[in-house]
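Participant: Residues per chain are reported as follows:
Protein chains: 4
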Amino acid sequence: MAIEGNSTSKTSRRLRLGMVGGGRGSFIGAVHRIAARLDDRFELVAGALSSDPTRAKASAVELYISEDRAYTDFREMAKSEAAREDGIDVVSIVTPNNMHFAPAKAFLEAGINVICDKPMTLNSAEAEELASIVEKSGKIFALTHNYTGYPMVRQARQMIAEGALGNIRVIHVEYPQDWLTTKQEGADNKQANWRTDPKQSGAGGCIGDIGTHAYNLANFITGLKVTELCAELTTFVEGRALDDNAQIMLRYGNGARGMLWSSQVAPGNENSLKIRVYGEKAGLEWSQEDPNYLLFSPFGEQPRRITRGGPGNFPVAEAGTRIPPGHPEGYLEGFANLYSDIADMIMFETENLVPTVYDGLDGLKFIEAAVASSNEGAVWKAL
Amino acid sequence: MAIEGNSTSKTSRRLRLGMVGGGRGSFIGAVHRIAARLDDRFELVAGALSSDPTRAKASAVELYISEDRAYTDFREMAKSEAAREDGIDVVSIVTPNNMHFAPAKAFLEAGINVICDKPMTLNSAEAEELASIVEKSGKIFALTHNYTGYPMVRQARQMIAEGALGNIRVIHVEYPQDWLTTKQEGADNKQANWRTDPKQSGAGGCIGDIGTHAYNLANFITGLKVTELCAELTTFVEGRALDDNAQIMLRYGNGARGMLWSSQVAPGNENSLKIRVYGEKAGLEWSQEDPNYLLFSPFGEQPRRITRGGPGNFPVAEAGTRIPPGHPEGYLEGFANLYSDIADMIMFETENLVPTVYDGLDGLKFIEAAVASSNEGAVWKAL
Amino acid sequence: MAIEGNSTSKTSRRLRLGMVGGGRGSFIGAVHRIAARLDDRFELVAGALSSDPTRAKASAVELYISEDRAYTDFREMAKSEAAREDGIDVVSIVTPNNMHFAPAKAFLEAGINVICDKPMTLNSAEAEELASIVEKSGKIFALTHNYTGYPMVRQARQMIAEGALGNIRVIHVEYPQDWLTTKQEGADNKQANWRTDPKQSGAGGCIGDIGTHAYNLANFITGLKVTELCAELTTFVEGRALDDNAQIMLRYGNGARGMLWSSQVAPGNENSLKIRVYGEKAGLEWSQEDPNYLLFSPFGEQPRRITRGGPGNFPVAEAGTRIPPGHPEGYLEGFANLYSDIADMIMFETENLVPTVYDGLDGLKFIEAAVASSNEGAVWKAL
Amino acid sequence: MAIEGNSTSKTSRRLRLGMVGGGRGSFIGAVHRIAARLDDRFELVAGALSSDPTRAKASAVELYISEDRAYTDFREMAKSEAAREDGIDVVSIVTPNNMHFAPAKAFLEAGINVICDKPMTLNSAEAEELASIVEKSGKIFALTHNYTGYPMVRQARQMIAEGALGNIRVIHVEYPQDWLTTKQEGADNKQANWRTDPKQSGAGGCIGDIGTHAYNLANFITGLKVTELCAELTTFVEGRALDDNAQIMLRYGNGARGMLWSSQVAPGNENSLKIRVYGEKAGLEWSQEDPNYLLFSPFGEQPRRITRGGPGNFPVAEAGTRIPPGHPEGYLEGFANLYSDIADMIMFETENLVPTVYDGLDGLKFIEAAVASSNEGAVWKAL
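Residue numbers (numbering that gives the first Met the number 0), protein chains in the order written: chain B, 0 to 382; chain X, 0 to 382; chain P, 0 to 382; chain F, 0 to 382.
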């Protein structure tokens with residue numbers, strides 16, 4: 000192979016990680032654990048993996064967590080871990096949306112750093128409150144908008160920041176899936192059930208589950224802010240309680256115009272998150288399903304393919320690269336980049352690109368504005 | 000090679016074709032001529048190729064048109080040709096938009112069939128009037144929304160008509176280009192000049208030039224009608240008189256939701272017309288830049304690639320296929336399919352898929368609704 | 000659209016074209032006719048379309064050929080046309096391989112220019128003789144290795160000639176198809192029958208039908224000559240008389256090494272002719288099924304996509320371009336570029352890139368060397 | 000997301016892993032460690048990471064290895080670890096090729112399982128000896144031909160085994176890279192230096208480094224054995240001691256024919272390992288750079304895309320899948336699948352697909368046959 004692997008700066012010890020949620024049958028819990036493990040910066044030592052004691056214990060055993068640190072209650076966990084000399088450095092909250100706020104509050108107030116899945120809370124009121132809790136706590140709060148961890152996404156962000164596209168004019172971002180094309184909820188599909196339940200998910204269905212990823216990604220890459228939106232949310236599958244398709248027009252502060260589409264009823268789409276940005280001088284495309292490449296098209300010139308680890312990578316992209324170009328890194332590696340950044344934040348107080356509580360608040364405002372816009376017939380709403 | 004070439008039903012003589020516009024420096028005139036010639040069903044015998052006599056004559060010579068049929072005035076041409084025993088069977092009108100109505104009227108009223116470029120007229124009032132002229136005339140009026148001529152577009156249309164997708168839910172259609180990213184007009188770029196001039200193009204810039212193609216394509220393929228739209232038209236290049244970017248949300252009569260994007264300021268896009276349609280049962284994708292393929296994704300099954308001329312083609316797709324799969328046919332061949340269909344209409348009075356004066360009227364209504372919506376701040380307008 | 004269409008230099012009259020072969024049921028005859036017609040430089044006025052009189056006449060009628068010029072015998076046609084004041088300028092020979100030599104000889108000796116399909120003759124002895132007939136005649140002999148007509152192929156050729164790749168090291172060319180995966184011959188599949196019949200095709204099956212295209216393309220693009228080859232020809236379908244798969248290693252005069260694969264039993268391949276060339280400084284890729292693009296990869300830099308009609312095109316590529324980038328041109332347009340070049344050769348005696356009788360001879364030597372190599376157990380043979 | 004993550008059967012403890020080689024500056028050592036960690040089945044507790052004591056110690060600290068288990072001599076390590084109650088269960092050998100045999104022997108003879116990088120040894124004599132050592136030891140010996148760990152590769156293998164392609168006729172496998180296009184060795188490029196040094200790499204350069212991967216992959220997927228080969232190895236870069244380009248024709252036992260190309264001088268290629276297999280009934284394609292998909296083309300039907308985790312996956316593919324389709328898994332995940340399989344072998348004595356010492360021996364025979372063939376002028380050699 001052509002180049003040396005990425006050598007993440009290593010440290011004297013692994014950080015001690017706890018987890019809330021993520022027991023047997025959880026999808027995202029396993030993802031967080033792999034991401035935490037990949038660069039060997041964390042060890043999972045405690046968990047409130049389930050509110051069901053049997054399930055909590057069984058899950059803990061499988062994860063090599065010692066019995067005394069297999070909790071069934073997150074409040075007890077926060078208290079106990081804060082009291083231990085070898086208590087956890089940070090906790091990952093990987094429960095459904097309605098169970099983000101309370102654990103986050105508990106751990107932050109116990110003086111423990113928090114990693115939280117998105118959307119951050121059930122609504123923006125909770126999000127506002129959480130932001131002030133984070134501020135008061137002085138602890139780290141990291142939101143896992145994991146797509147920001149892909150090296151080529153970070154490369155794109157910096158290219159735009161450095162003016163490679165000139166002033167941005169047009170943004171297209173989309174995130175179609177197909178797995179809810181028919182009614183999956185109601186049966187024992189745990190993933191479908193909570194995602195289509197307003198009590199657990201909040202006001203947004205598809206818009207909250209994946210639309211926020213698209214929204215966050217566009218903001219992250221362009222550095223622009225949406226000022227107004229006009230949203231048409233639709234529920235195509237009969238009997239579903241939340242939207243399963245969202246079409247949104249966006250106005251950005253600098254005059255740019257955007258379109259955002261997210262769907263869970265688009266057959267043939269798996270996780271087709273894709274962004275295209277056009278400026279006065281060039282265009283840029285990135286697709287999550289082919290994440291190691293970036294297409295850069297300066298106006299009037301031949302389009303160029305930028306490869307992860309290849310010519311023209313900025314340090315910010317190289318930092319998240321473990322293996323040479325042509326050996327694909329994927330979703331788990333991108334997710335792991337967030338975890339490694341969080342380890343750096345905790346150990347070295349470095350500044351970095353990990354999404355914060357304010358990104359989480361922004362995401363909730365986006366969901367609420369979209370729902371309000373749609374409820375009023377798809378009219379423009381300020382954000 | 001594996002299969003026999005397409006044998007279009009041949010006839011005892013070529014149809015006699017005239018042309019209005021399309022002299023030296025015209026892009027679309029040359030395209031119409033190649034399309035007319037490709038299947039050897041037409042011969043170009045008369046033309047009012049330019050209002051400038053020298054240019055008209057020089058162009059005629061290059062096109063082997065005899066001197067006495069090289070006109071400088073389309074009215075004179077209509078009259079003379081109608082009077083000749085060997086007069087033209089049909090005329091192609093390939094002038095800028097503001098010069099469609101008058102020639103179309105003149106030839107129809109002289110009893111001559113008309114092929115007309117899109118958008119059909121300068122506004123919907125002209126379009127309404129033209130529709131009634133066509134009705135009165137009893138002659139054929141064909142509108143060259145040429146993308147409907149691609150075999151895989153026709154295949155898609157029939158697949159949907161036969162229920163392969165079930166009830167349609169979501170439609171995404173887009174047509175981005177990049178050639179107007181900077182100011183091209185004002186200099187000697189004839190193509191840019193008339194397309195950005197409201198007097199020649201009408202109320203729509205990008206929306207009229209290519210947005211209508213996208214709109215027409217979505218209607219053609221799905222068989223659905225838009226009932227309401229909400230449009231955001233933007234002019235990004237300073238000093239430009241018409242829109243160069245259009246973002247539109249669409250509501251269809253059956254409850255389907257659509258998004259349409261057309262742009263002429265999206266660097267890296269040449270003629271990236273692309274449509275994706277999602278129904279209860281399957282998804283379907285087609286891209287103009289890779290037109291020989293159709294991606295068909297039945298929900299829960301492996302996606303399949305349908306090839307022009309390959310397994311599963313309907314007769315309507317095979318009819319527009321000249322050479323075996325893997326030997327690409329392109330834009331000119333798709334355009335030629337319209338001409339061959341028109342030849343059949345004239346000679347055999349067959350029914351077919353060629354866009355009509357009513358499609359043209361619909362297109363003008365679309366442009367006007369989009370402009371009105373955008374002017375009022377991007378509000379919903381009935382169509 | 001962004002740019003003006005290509006304006007081929009036009010002339011005072013169309014060239015008069017005759018055709019030998021290409022009657023009803025012929026694939027390649029129809030292709031030649033479309034190619035001849037596309038740029039309006041030829042009119043088909045005479046033909047010996049079939050040796051069967053009924054078929055010859057019926058075919059002629061369909062092609063608007065007048066009765067007195069619908070011949071059943073090519074020798075009579077050569078004689079009659081040579082004698083007419085308005086006799087044909089050039090004849091296209093589109094019969095099976097065994098019927099190339101005799102007509103070519105007859106027309107050349109009658110003083111008529113010849114366009115001939117490939118492989119040029121049944122064997123290299125005929126090819127040598129034909130070369131000397133051409134030389135004596137002083138007439139034009141053009142061989143339709145049509146893939147050389149694609150603009151991006153000509154662009155590639157010139158890039159290499161100008162040193163964009165440095166010294167060439169490695170060449171990979173392949174042409175897989177799948178239509179003979181099962182036994183097609185023996186039934187009424189005319190295309191399969193003659194292509195698998197040594198009497199009509201000569202010593203090579205797949206190697207002669209499409210392997211020669213791959214061989215010619217590599218030579219055309221690189222400007223290099225093969226000095227030795229080692230070939231493994233295989234017949235996978237039981238009862239087939241000729242090879243249906245050919246794998247060949249190549250040594251070039253400059254020290255470059257090549258691999259050539261052609262197959263007619265590779266399911267999923269339609270006409271997947273593809274070439275990759277690697278030099279000291281860069282790599283270059285082109286695929287016939289996506290012919291409007293060229294991938295150029297300078298070592299250590301970001302790969303670039305070159306588009307037909309886009310930035311960086313040489314005049315030789317622009318000359319074969321009719322419509323703007325993003326509107327695909329395909330197989331017929333590439334084929335038509337040869338015909339337009341031939342029209343220029345006849346009318347203006349211009350030099351150009353159209354394959355000659357010597358390329359045809361080279362192709363026959365290649366087939367014979369490959370067959371001999373394979374027959375002796377796949378040993379190296381000088382070419 | 001649509002589906003649950005993969006739940007590898009978990010066990011009561013992690014296996015204790017040692018490593019020989021893989022200190023600072025090693026590429027493949029870091030890869031092995033991530034692979035071992037990904038599914039949390041191993042913990043790295045001991046290492047002879049470098050023969051340089053300072054480097055060995057520093058590397059160990061970075062990897063959280065305790066001081067008393069940071070060895071500088073692999074023999075000492077084998078002895079000490081075998082004697083400990085908490086000694087390692089298995090060792091990974093990730094040194095250059097010339098340093099595989101001796102450590103493998105030492106650990107096997109100490110009763111410790113071995114994971115070894117490829118090519119297995121310096122030559123086939125060593126390989127033969129190693130095979131008999133493995134047999135005598137009764138321990139597990141696993142060879143990291145890591146590409147066999149990709150789920151879609153295993154899917155392909157089983158599809159072929161179950162007859163989806165019918166009898167195999169044609170195999171094309173290639174592995175081009177470009178990083179040695181110019182002379183990299185001689186400077187401080189450690190990766191280039193040992194790979195181009197016959198003392199460290201053995202008789203093969205490119206053929207040994209990546210050609211063996213291609214060879215192994217074709218055998219793994221098809222289940223076929225090569226009986227004869229004809230190889231042309233070339234050194235294009237002046238002063239290089241080993242081949243940097245290899246072109247090989249293959250004959251398989253069942254009559255199938257193959258071509259293999261590996262290169263390190265092909266600009267634009269990163270790690271373009273690609274295999275295409277054609278049988279009587281269908282074709283199958285897989286590309287390492289886009290590893291989550293498999294293209295399946297039954298003859299006469301529409302080609303289908305098989306996705307990792309999607310419809311039609313066999314259990315053998317699902318077992319190596321952690322996250323839903325559309326969220327790409329890459330090189331590290333494929334590598335990790337081998338490690339998880341090895342954990343299963345050690346803990347549960349399950350049978351599986353991990354390459355063995357006999358695959359390693361086969362690879363050495365392949366390299367030696369290729370070198371011999373090429374040295375004699377590219378003649379056929381039995382394998």
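In short, the hints are calculated from the structure, not lab data. Warning: the hint list may mix true and false statements.
Any copy, or any two copies together, can satisfy a pair, since identical chains are not distinguished.
[What the hints assert, rightly or not] Result set (BS3-like, lysine-lysine): computed pairs, CA atoms no more than 30 Å apart in a straight line:
{"hint": "1", "residue 1": "Lys78", "residue 2": "Lys224"}
{"hint": "2", "residue 1": "Lys138", "residue 2": "Lys380"}
{"hint": "3", "residue 1": "Lys280", "residue 2": "Lys189"}
{"hint": "4", "residue 1": "Lys189", "residue 2": "Lys273"}
{"hint": "5", "residue 1": "Lys224", "residue 2": "Lys380"}
{"hint": "6", "residue 1": "Lys182", "residue 2": "Lys280"}
{"hint": "7", "residue 1": "Lys273", "residue 2": "Lys135"}
{"hint": "8", "residue 1": "Lys380", "residue 2": "Lys364"}
{"hint": "9", "residue 1": "Lys273", "residue 2": "Lys56"}
{"hint": "10", "residue 1": "Lys273", "residue 2": "Lys104"}
{"hint": "11", "residue 1": "Lys182", "residue 2": "Lys224"}
{"hint": "12", "residue 1": "Lys135", "residue 2": "Lys224"}
{"hint": "13", "residue 1": "Lys182", "residue 2": "Lys78"}
{"hint": "14", "residue 1": "Lys189", "residue 2": "Lys380"}
{"hint": "15", "residue 1": "Lys104", "residue 2": "Lys135"}
{"hint": "16", "residue 1": "Lys78", "residue 2": "Lys138"}
{"hint": "17", "residue 1": "Lys135", "residue 2": "Lys189"}
{"hint": "18", "residue 1": "Lys198", "residue 2": "Lys380"}
{"hint": "19", "residue 1": "Lys138", "residue 2": "Lys273"}
{"hint": "20", "residue 1": "Lys224", "residue 2": "Lys273"}
Here the structure is a predicted model, which means the values were calculated and not measured.
Participant: All the hints need checking, so say for each whether the structure fits it.
Facilitator: Quick rundown of the hints versus the structure:
1. Lys78 - Lys224: neither (39 Å within a copy, 61 Å between copies)
2. Lys138 - Lys380: Intra 34 Å, inter 50 Å, cutoff 30 Å: neither.
3. Lys280 - Lys189: between (47 Å within a copy, 23 Å between copies)
4. Lys189 - Lys273: Close inside one copy (27 Å), not across copies (36 Å); limit 30 Å.
5. Lys224 - Lys380: Classified as both; 14 Å inside a copy, 28 Å across copies.
6. Lys182 - Lys280: Close across copies (12 Å), not inside one copy (45 Å); limit 30 Å.
7. Lys273 - Lys135: neither (37 Å within a copy, 50 Å between copies)
8. Lys380 - Lys364: Close inside one copy (11 Å) and across copies (27 Å); limit 30 Å.
9. Lys273 - Lys56: Answer is neither: 40 Å inside a copy and 45 Å across each miss the 30 Å cutoff.
10. Lys273 - Lys104: Intra 34 Å, inter 47 Å, cutoff 30 Å: neither.
11. Lys182 - Lys224: between (35 Å within a copy, 27 Å between copies)
12. Lys135 - Lys224: within (26 Å within a copy, 55 Å between copies)
13. Lys182 - Lys78: Close neither inside one copy (41 Å) nor across copies (61 Å); limit 30 Å.
14. Lys189 - Lys380: neither (34 Å within a copy, 41 Å between copies)
15. Lys104 - Lys135: Result: close within a single copy only, 11 Å intra versus 60 Å inter.
16. Lys78 - Lys138: Only inside one copy: Lys78 and Lys138 sit 16 Å apart there, 47 Å across copies, limit 30 Å.
17. Lys135 - Lys189: For Lys135 and Lys189, neither the intra-copy (36 Å) nor the inter-copy (50 Å) Cα distance is at most 30 Å.
18. Lys198 - Lys380: Answer is within; shortest intra-copy Cα gap is 25 Å, inter-copy 35 Å.
19. Lys138 - Lys273: neither (33 Å within a copy, 48 Å between copies)
20. Lys224 - Lys273: Classified as both: same-chain Cα gap 19 Å, cross-chain 28 Å, threshold 30 Å.
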